[in-house]
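Undergrad: Here are the chains, one letter per residue:
There are 2 protein chains.
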Amino acid sequence: MSAHNLTLLTDLYELTMMQGYFETQENETVIFDVFFRENPNKGGYSIMAGLEQVIEYIKNLHFSYEDVDYLRKLGIFSEDFLHYLSGFHFSGNIYAIPEGTVIFPKEPVIKVIAPIMEAQLVETAILNIINHQCLIATKTARVVFAAQGDGIMEFGLRRAQGPDAGLYGARAAMIGGCVGTSNVLAGKMFNVPVMGTHAHSWIMSFKDEYTAFKEYARLYPDSCTLLVDTYDTLKSGVPNAIRVFKEMKDAGIKPKSYGIRLDSGDLAYLSKKARKMLDEAGFPDAVIAASNDLDELLIHDLKMQGAAITSWGVGTNLITSKDCPSFGGVYKLAAIQNEEGEFVPKIKISENTEKITNPGNKTIYRIYDKETGKIRADLICFVDETYDTSEELLLFDPNATWKKTRLPGGSYTMREILKPVFIHGECVYTSPSVMEIAAYCQQEKDTLWDETKRLFYPHKVYVDLSKRLYDTKTKLLDSMSV
Amino acid sequence: MSAHNLTLLTDLYELTMMQGYFETQENETVIFDVFFRENPNKGGYSIMAGLEQVIEYIKNLHFSYEDVDYLRKLGIFSEDFLHYLSGFHFSGNIYAIPEGTVIFPKEPVIKVIAPIMEAQLVETAILNIINHQCLIATKTARVVFAAQGDGIMEFGLRRAQGPDAGLYGARAAMIGGCVGTSNVLAGKMFNVPVMGTHAHSWIMSFKDEYTAFKEYARLYPDSCTLLVDTYDTLKSGVPNAIRVFKEMKDAGIKPKSYGIRLDSGDLAYLSKKARKMLDEAGFPDAVIAASNDLDELLIHDLKMQGAAITSWGVGTNLITSKDCPSFGGVYKLAAIQNEEGEFVPKIKISENTEKITNPGNKTIYRIYDKETGKIRADLICFVDETYDTSEELLLFDPNATWKKTRLPGGSYTMREILKPVFIHGECVYTSPSVMEIAAYCQQEKDTLWDETKRLFYPHKVYVDLSKRLYDTKTKLLDSMSV
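Read top to bottom, the protein sequences are chains A and B. The opening residue of the first sequence carries number 13 in this note's numbering; numbering runs sequentially from there. The opening residue of the second sequence carries number 13 in this note's numbering; numbering runs sequentially from there.
Treat the hints with care, since some could be wrong.
Any copy, or any two copies together, can satisfy a pair, since identical chains are not distinguished.
Stated by the list, open to error - Capping the alpha-carbon separation at 30 Å, the derived lysine-lysine pairs in BS3-like fashion look like this:
#  : residue 1 : residue 2
1  : LYS200    : LYS382
2  : LYS85     : LYS200
3  : LYS360    : LYS284
4  : LYS284    : LYS118
5  : LYS219    : LYS479
6  : LYS431    : LYS54
7  : LYS416    : LYS472
8  : LYS219    : LYS487
9  : LYS284    : LYS431
10 : LYS118    : LYS431
11 : LYS334    : LYS457
12 : LYS360    : LYS219
13 : LYS431    : LYS485
14 : LYS367    : LYS247
15 : LYS386    : LYS431
16 : LYS386    : LYS258
17 : LYS415    : LYS367
18 : LYS485    : LYS219
If you are wondering where the hints come from, they were derived from the structure by calculation, not from laboratory data.
Looking at chain A on its own, in the form it has when it is part of the complex (with noise of 0.2 Å):
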């Protein structure tokens, strides 16, 4: 992506707004706020990703010579303006939460704070990239829960929605807990494992299916994965590759793993079967991998039914999340600054409740039980409220207000999860490479409860609002209604 010039990469009406933000002289500081409304999937939490990418974006934005000849020749846009836009370069703050951090819907995960003309031309391609990686990290953390430990593989790079959708969802899948990826281009650009053997089109190319077998076995003997399926699964494909690991064997040859793949049929009965042959013929140690139209309820249903496969490549499902192939990220203005410099709240009302948004100038404190470790809420407040770990802290649902808890002194940690990533326009935050922020995500993984994580019906986390929070949204609620 750093290779594009992705600054037009926005929605005319940025521009149109920014130019009339120019015109009328209007262009106070004001805070914009990246959250979520639902998690995707009907799950229980989300995983932040994409924020690596919103870095570049940022750093890369400009307008170039030929981007201002265009936006000339659409004759909507006045020569003072396109002057400014050619000098254009982003001054403001940003905070975020880091990528594979857990995270859940109302919080702002990104914030904006800059001059309105600035805010707005971003809004569009934070939230491009954002929705994206999120999505695709998030479904990856529910196929891998489904997996119970087994490895799953991200194979899904020819039917992702476009060459950055396999790329970058390749990323934010091994952020979500892939062992791999079949895509050659994001082993490079993000150095992670890289995996994969044969097509149908190996074994139809060869006089048969055994001669196809055994010239894979003599070229990559390390890692042979034998794909079963091309003629028939238990008369041929497993037979045949029995032959082969044979050969190998009285070879004197011990590859450091090797197995068979099933592609189609039933997965559940041809891998219990596949499984008996194979250990009867003595290779209990061969891996019995999986794919074809694979999710998490499938690999759920399949585990439940004692499938004996132990490796899983998923693909279609993953890559475009299927059931859900939208992450529903929004940027919504929540203050701007006056001429004292304060931040005024602002707040969006809509006929829909759930739609209002939190005014004001937040972080984000998550909240964790000091014995397990485990998350108890998180806690939405203005950036100057503190709090003592050592006191009682009340906690309250925002939507029902009498729903109490009280946590004593004592019982509870504390963090703070946005980061400062822009401070004046200089990026000021490094990002972890993709597998440190993998391995930091799967630690995150851990402080959810397992009500949190099951697919069906999980236990939402609290996200409260402090009470000062909640005075203030009630306050301009009441004093906006008509």
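Position chain B relative to chain A; hints supplied.
TA: Then chain B, alone, in the frame of chain A:
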């Protein structure tokens, strides 16, 4: 995309298989077909798109020094093979159905004829590009059909699956029939109309809604669409818009287009009420535009309910094809050239008869009813078969051979729809502009009967096999049954 080097945008197994063919010196010329098995969204047809990007990809194919270096570090490729890769270029032939053409399941939309090492490498990227753009073009055609002549704007960038999905999705949406996109970079790269006005944040950044509208109208008097749902659509938004329209009228300003946009609430109810208010105020030509989680089904229903909307902004559901976010294009071996230079048909059998491939070196004739110009059927045959339209044509369903249709000589016309794109590695095809493709696509949709275009339970267009192809396929299947 051209700025990227996409050569490594492939599955690792393509490269391990390539090395396999390199080592075994089995580099026969083969034929691979790209085809799909079902129209997305349970529709009656699909739209071809993405060919221009496939052409760019093939033209730019080369392993850079860094690419080879990365592959070397994986430790699975020999120096001889890496040396071969460093001099790699595509030397084969590619045939394809032009973009904007209506296409049907089972027919080869792209045919690659090349030495197997080259043909194998390009599988993943070709599928990635074609699957994405066909998906979005096809989804768009459905949405456009539902709107019965109203304009559809593509608004989905922020929810697209990454930058390319937004960019090439917008391209495909224009091919499928959108009148414009909000995506400025797509506008610049593909020379297509860009559209957009302002967001809720524009309204919220002024002291009140009226002032925000007034300022917007002052800045953009020519094209003034006001977003009326920030506070209360009927009590505040529409009256304030009318006030501003009156002031424009009094000042003698005649906008080329003006109106309001609804973005929440019940669009049928609100649009009818707003229409009445605008008409009574003397603005019968004010356009009512709508957005908010629209898709073809909701637009269809709103039309049925008499919603007074004539312009539609469609985002998430179009740009992700939400109800069916992948197009199932596959890439299957159809033939291998023998030492005599003949293509020997190959077939992949499967427990699922729907997945059995069509063997051999094939082309497709589209058969039209001479009187109406509508499509009667597509006929897949071997490339050396010829037809005389003055003679009777016998068509039969390959899955139910007793279903026969006889077209009398002179009652039909035929057109070969697969066109040469690369010959001996040289591109012989010039892509039309996106707007030219869009115009051609509009004509193409007119060759479909209404029964095929409808949203629910459409009539399927027959894709038949020639007698010779059918016999070859049957013989191959018989010879392979165990």
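Undergrad: Could you check the structure against the hints above and give me the numbers of any it violates, in ascending order?
TA: Checked against the structure, the hints that fail are numbers 1, 4, 9, 16, while the rest are satisfied.
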